[in-house]
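Those protein sequence lines, which keep their order, are chains F and Z.
Going left to right, the first sequence walks through residues 3 to 520 as our numbering numbers them.
Going left to right, the second sequence walks through residues 3 to 241 as our numbering numbers them.
Please keep in mind that the hints were generated in silico from the structure rather than gathered at the bench.
Don't take every hint at face value.
Pulled a few chain Z residues facing chain F out of the computed Cβ check, cut under 8 angstroms [claimed, not checked]:
#1 Lys54
#2 Ile98
#3 Gly137
#4 Pro140
#5 Leu167
#6 Gln168
#7 Gln178
Straight-line distance between alpha carbons at most 30 angstroms, and here's what the computed DSSO-like set of lysine-lysine pairs gives [claimed, not checked]:
#8 Z:Lys54 / F:Lys497
#9 F:Lys519 / F:Lys91
#10 F:Lys511 / F:Lys66
#11 F:Lys384 / F:Lys5
#12 F:Lys67 / F:Lys9
#13 F:Lys490 / Z:Lys54
#14 Z:Lys54 / F:Lys519
#15 Z:Lys236 / Z:Lys54
#16 Z:Lys54 / F:Lys67
#17 F:Lys66 / Z:Lys54
#18 Z:Lys54 / F:Lys511
#19 F:Lys324 / F:Lys67
#20 F:Lys389 / F:Lys224
Among chain F residues calculated to face chain Z with C-beta under 10 angstroms, some are [stated by the list, open to error]:
#21 Thr151
#22 Tyr154
#23 Gly314
#24 Gln316
#25 Ser319
#26 Leu322
#27 Arg323
#28 Gly516
Please read all numbers here as calculations on a predicted model, not as lab measurements.
For each residue, glycine too, the CB sits at the ideal point set by N, CA and C.
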Amino acid sequence: MDKAIRKVIIVGGGTAGWLTAGTLAAEHLANTESGIEVCLIESPDVAIIGVGEGTWPTMRATLKKMGISETEFICHCDASFKQGAKFAKWVTGAEDDAYYHPLVLPQGYAEINLAPFWQQHKTDMPFADAVSFQGYLCDQGLAPKQNTTPEYAHVANYAYHLDAGKFAAFLQQHCTQKLGVKHILDHVTAVNAAADGDIASVATRQHGDISGDLFIDCSGFKSLLLGQHYQIPFICKKHILFNDRALAVQLPYADEHSAIASHTISTAQSAGWIWDIGLPTRRGVGYVYSSAHIDDAAAEQELRQYIRPALGPQGDSVALRKINIVPGHRQLFWHKNCVAVGLAAGFLEPLEASALVLVELSAAMISEQLPANRAVMDIVAKRFNDKFLYRWERIIDFLKLHYVLTQRTDTAYWRDNCNADTIPAELQALLQLWRYEPPWHRDFSQVDEVFPSASYQYVLYGMGFKTQTRPTARRADNSALAQQHFAKNAELTAKLLRGLPANRELLNKIRQFGLPKI
Amino acid sequence: MPNHQLLDNITHKDLRVISSHHPRFGDTASYTNIFCSELRQVQGCYPIFFRKNTDSAQFETIALFGFASEENLFLDETGWHAPYIPLTIQRRPFLIGFTQQDGNEADAQALVHIDMDSPRVSLTEGEAVFLAQGGQSPLLQQASAILQAVYQGHQQTRAFIDSLLQYDLIEAVTLQVTLDDGSRNELGHLYTINEDQLAALDSNVLGQLHQQGYLQHIYMILASMAAMPQLIEKKNRRL
Numbered sequence: 003m004d005k006a007i008r009k010v011i012i013v014g015g016g017t018a019g020w021l022t023a024g025t026l027a028a029e030h031l032a033n034t035e036s037g038i039e040v041c042l043i044e045s046p047d048v049a050i051i052g053v054g055e056g057t058w059p060t061m062r063a064t065l066k067k068m069g070i071s072e073t074e075f076i077c078h079c080d081a082s083f084k085q086g087a088k089f090a091k092w093v094t095g096a097e098d099d100a101y102y103h104p105l106v107l108p109q110g111y112a113e114i115n116l117a118p119f120w121q122q123h124k125t126d127m128p129f130a131d132a133v134s135f136q137g138y139l140c141d142q143g144l145a146p147k148q149n150t151t152p153e154y155a156h157v158a159n160y161a162y163h164l165d166a167g168k169f170a171a172f173l174q175q176h177c178t179q180k181l182g183v184k185h186i187l188d189h190v191t192a193v194n195a196a197a198d199g200d201i202a203s204v205a206t207r208q209h210g211d212i213s214g215d216l217f218i219d220c221s222g223f224k225s226l227l228l229g230q231h232y233q234i235p236f237i238c239k240k241h242i243l244f245n246d247r248a249l250a251v252q253l254p255y256a257d258e259h260s261a262i263a264s265h266t267i268s269t270a271q272s273a274g275w276i277w278d279i280g281l282p283t284r285r286g287v288g289y290v291y292s293s294a295h296i297d298d299a300a301a302e303q304e305l306r307q308y309i310r311p312a313l314g315p316q317g318d319s320v321a322l323r324k325i326n327i328v329p330g331h332r333q334l335f336w337h338k339n340c341v342a343v344g345l346a347a348g349f350l351e352p353l354e355a356s357a358l359v360l361v362e363l364s365a366a367m368i369s370e371q372l373p374a375n376r377a378v379m380d381i382v383a384k385r386f387n388d389k390f391l392y393r394w395e396r397i398i399d400f401l402k403l404h405y406v407l408t409q410r411t412d413t414a415y416w417r418d419n420c421n422a423d424t425i426p427a428e429l430q431a432l433l434q435l436w437r438y439e440p441p442w443h444r445d446f447s448q449v450d451e452v453f454p455s456a457s458y459q460y461v462l463y464g465m466g467f468k469t470q471t472r473p474t475a476r477r478a479d480n481s482a483l484a485q486q487h488f489a490k491n492a493e494l495t496a497k498l499l500r501g502l503p504a505n506r507e508l509l510n511k512i513r514q515f516g517l518p519k520i
Numbered sequence: 003m004p005n006h007q008l009l010d011n012i013t014h015k016d017l018r019v020i021s022s023h024h025p026r027f028g029d030t031a032s033y034t035n036i037f038c039s040e041l042r043q044v045q046g047c048y049p050i051f052f053r054k055n056t057d058s059a060q061f062e063t064i065a066l067f068g069f070a071s072e073e074n075l076f077l078d079e080t081g082w083h084a085p086y087i088p089l090t091i092q093r094r095p096f097l098i099g100f101t102q103q104d105g106n107e108a109d110a111q112a113l114v115h116i117d118m119d120s121p122r123v124s125l126t127e128g129e130a131v132f133l134a135q136g137g138q139s140p141l142l143q144q145a146s147a148i149l150q151a152v153y154q155g156h157q158q159t160r161a162f163i164d165s166l167l168q169y170d171l172i173e174a175v176t177l178q179v180t181l182d183d184g185s186r187n188e189l190g191h192l193y194t195i196n197e198d199q200l201a202a203l204d205s206n207v208l209g210q211l212h213q214q215g216y217l218q219h220i221y222m223i224l225a226s227m228a229a230m231p232q233l234i235e236k237k238n239r240r241l
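Only chain F is shown next, with the shape it has when bound in the complex:
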């Protein structure tokens, strides 16, 4: 039991597999004699799913820790900048119905909650615009930094849009060439159990049995180790998040000067929503919907309607890719000496780009708390399970929040989404509380929450939620400070609108000159 954990086997070579491999290998010096051994087995027969064209800002630190140059990442993965999401037609469905969930925190968020002051004095402008500059930058198609800003540093907080297929290939090259990850192209045919129930090794077609101390399941929806071998049950969340199907398509730009949106555009439809993600060379567009509320043919019509302005008559014939999804996650993520990361652990609709951030968080926790030996692994496993069950639940709550505040009643999909039976109890309690107090730091207890209270503010007040003013007075009156922060935000907005380049312009410059390291 006190045998040291020296050899980590990762099964699966998509973005989850390579991000986990890179994070572990970089931290635990897999390219030296004294470090751990990281070995990734990738089946040559299985295509990667390539979900997740959107990331969280955390991806910057994840890549930096792996020793990746941001310039190379942007050029090789067809990446562009993402400053948040714009939600269109989610509230009333009208043409001008839209709000932003930006990635910057509201102005002065460490010291003051501007939400009540906005509700009292500033409702003539959208909440996101009153407390942050980022919606304006998105409206103008501006980049979140200048070309003189060093790699990974920001002027406005940002994440990425990327080509998931290219990203996996890029990570593979970096992991194998720089970080000492051993890459085995082979098909896993069986899992060999040890007497104590641990995984002793995995059997492969050409490389025989490959043994290890810790096995990481990155095998995608198949969940080869955790799901198939250990039979850890899958908890379906379709009764909360209805969407179970997606139709995806790639669209070309009109020409090489077309603006590249620096935010994800999410447009609500009759039974789901359409994502629209701008990469430097193409747009990725898809309709994710509930098959219980719309049939495939009707969904296809709605998607074709959306892409018609970009493609013209061609839009009626372009091929669409259909993806079936089951929203939910495993009951446990770490069992014995096996932990699942990525789709093998679970999947939710890509509404807030939670897939890759969960991979990063999982890889980071496995890496930071990598058990020294088998004896302490169960302790770390329990911590991991507690933490990630909490995280999946908070993400589900946050995604559901986008639906329950709608005023749309035009289809059964929107009406059903507001049915109390479909809303988790925790979220119902918070919504009740927020009728009298705006969301604030205290509402979420963990130091490393996936979605901070600020995100809840952006969605709540973006969707027109009303928090009532407290009927009785309190000691501190912060209204002067609030006015200062509103003024500061207006000042910053004007300054950044003047100083930041267009998103495409910066991406072109990066291709030409690269970003400076310092």
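Since the structure of chain F is provided, determine the placement of chain Z on it from the hints.
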């Protein structure tokens, strides 16, 4: 759009160019690009820093003339007061332009161009560019030599800076200057040699930098900081 024209002795036969320095000729910028070949002369007069080019964000070496934009403390109504004037100032109003043959970029030829919008360009004042018979005047011959040095300087300096970046020898610096009137001035966006990193270099790298002549460049740049008190003094005199 700037009006840059390829120089020829027919179109520009009567052209004259003013070489003296005066604020009205547009020499008022607070810094200019400099090259490795002139570091020795520059360091005797001006503090040398690195700065990111506003267009490409690539590092360039610069000589500092002042503390605010459009403040050149070496320039006044009576001329430019320093023993040496950097090449990128001396070349004005001439510049290098590239003329493509048959649209082939590799064959692009570096040729002398002139900025026709420059206040230095005249038909009445200054020295002639071409001689009566169309030959190059001494002024143009000298300008060609300067442009040649600028052209080579760009490439040499690029290689020098790449080498500095490779060994993490460049670091950001914020210049804080307190003037005689008590005002505090802060100058950002500047970079200098990282002396801690320099001191920690191993002998192999040092030997290599020495062979390339880069070690001397590095010490010229460090030595140029001795020109800083003089620059501050000039500023104080203008208060």
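Hint-by-hint comparison with the structure:
1. A least Cβ separation of about 4 angstroms between Z:Lys54 and chain F falls short of the 8 angstroms threshold, and the interface hint therefore holds.
2. With 8 angstroms as the threshold, the beta carbon of Z:Ile98 stays out of range of chain F, its nearest partner Cβ sitting at about 20 angstroms, so the hint is violated.
3. Violation of the interface hint for Z:Gly137 is found here, the shortest Cβ-Cβ separation to chain F being roughly 40 angstroms, above the 8 angstroms cut-off.
4. The criterion of a C-beta within 8 angstroms of any C-beta in chain F is not met by Z:Pro140, whose closest approach is roughly 38 angstroms, and the hint is violated.
5. The beta carbon of Z:Leu167 is positioned within 8 angstroms of a beta carbon in chain F (closest approach about 7 angstroms), and the interface hint is therefore held.
6. Nearest Cβ of chain F to the Cβ of Z:Gln168: about 10 angstroms, over the 8 angstroms cut. The hint is violated.
7. At a threshold of 8 angstroms, the smallest CB-CB gap from Z:Gln178 to chain F is about 20 angstroms, leaving the interface hint violated.
8. A distance of roughly 20 angstroms separates the Cα atoms of Z:Lys54 and F:Lys497; the hinted pair therefore holds under the 30 angstroms criterion.
9. At most 30 angstroms may separate the alpha-carbon atoms for a hinted pair to count; F:Lys519 and F:Lys91 exceed this at roughly 41 angstroms.
10. At roughly 21 angstroms between alpha-carbon atoms, F:Lys511 and F:Lys66 fall within 30 angstroms of each other, so this suggested pair holds.
11. A hinted pair counts as satisfied when its Cα atoms are at most 30 angstroms apart, and F:Lys384 with F:Lys5 qualifies at roughly 20 angstroms.
12. Taken as a hint, the F:Lys67 and F:Lys9 pair is honoured in the structure, with Cα atoms around 21 angstroms apart against an allowance of 30 angstroms.
13. With a CA separation close to 28 angstroms, the supplied pair F:Lys490 and Z:Lys54 stays within the 30 angstroms bound.
14. Distance check on the hinted pair: Z:Lys54 and F:Lys519 sit about 11 angstroms apart at the alpha-carbon level, within 30 angstroms; holds.
15. Between the alpha carbons of Z:Lys236 and Z:Lys54 the distance comes to roughly 26 angstroms, so the proposed pair stays at or under 30 angstroms and holds.
16. For a cut-off of 30 angstroms, the pair hint linking Z:Lys54 to F:Lys67 stands: about 25 angstroms separates their Cα positions.
17. With a C-alpha separation of about 22 angstroms, the suggested pair F:Lys66 and Z:Lys54 falls inside the 30 angstroms cut-off, and the hint holds.
18. For the proposed pair Z:Lys54 and F:Lys511, the alpha carbon gap of about 14 angstroms is at most 30 angstroms, so the pair holds.
19. As the CA atoms of F:Lys324 and F:Lys67 are separated by approximately 35 angstroms, the hinted pair breaks the 30 angstroms bound.
20. Pair hint F:Lys389 plus F:Lys224 holds up; C-alpha atoms about 23 angstroms apart against a cutoff of 30 angstroms.
21. Against a cut-off of 10 angstroms between C-beta atoms, the interface hint on F:Thr151 holds, since the closest Cβ of chain Z lies about 8 angstroms away.
22. At about 14 angstroms, the closest approach between the beta carbon of F:Tyr154 and any beta carbon in chain Z exceeds 10 angstroms, and the interface hint on this residue is violated.
23. Evaluation of the F:Gly314 hint against chain Z yields a violated restraint, the C-beta minimum of about 33 angstroms exceeding 10 angstroms.
24. Using the Cβ-Cβ criterion of 10 angstroms, the hint placing F:Gln316 at the interface with chain Z is not satisfied: the shortest such distance is roughly 33 angstroms.
25. Checking F:Ser319 against chain Z by beta carbon gives a least distance of about 38 angstroms; that is not within 10 angstroms, so the hint is violated.
26. Restraint check, F:Leu322 versus chain Z: the minimum CB separation of about 41 angstroms is more than 10 angstroms; hint violated.
27. Interface hint status for F:Arg323: violated, as the beta-carbon distance to the closest one in chain Z is roughly 38 angstroms, over 10 angstroms.
28. At about 8 angstroms, the closest approach between the beta carbon of F:Gly516 and any beta carbon in chain Z falls short of 10 angstroms, and the interface hint on this residue holds.
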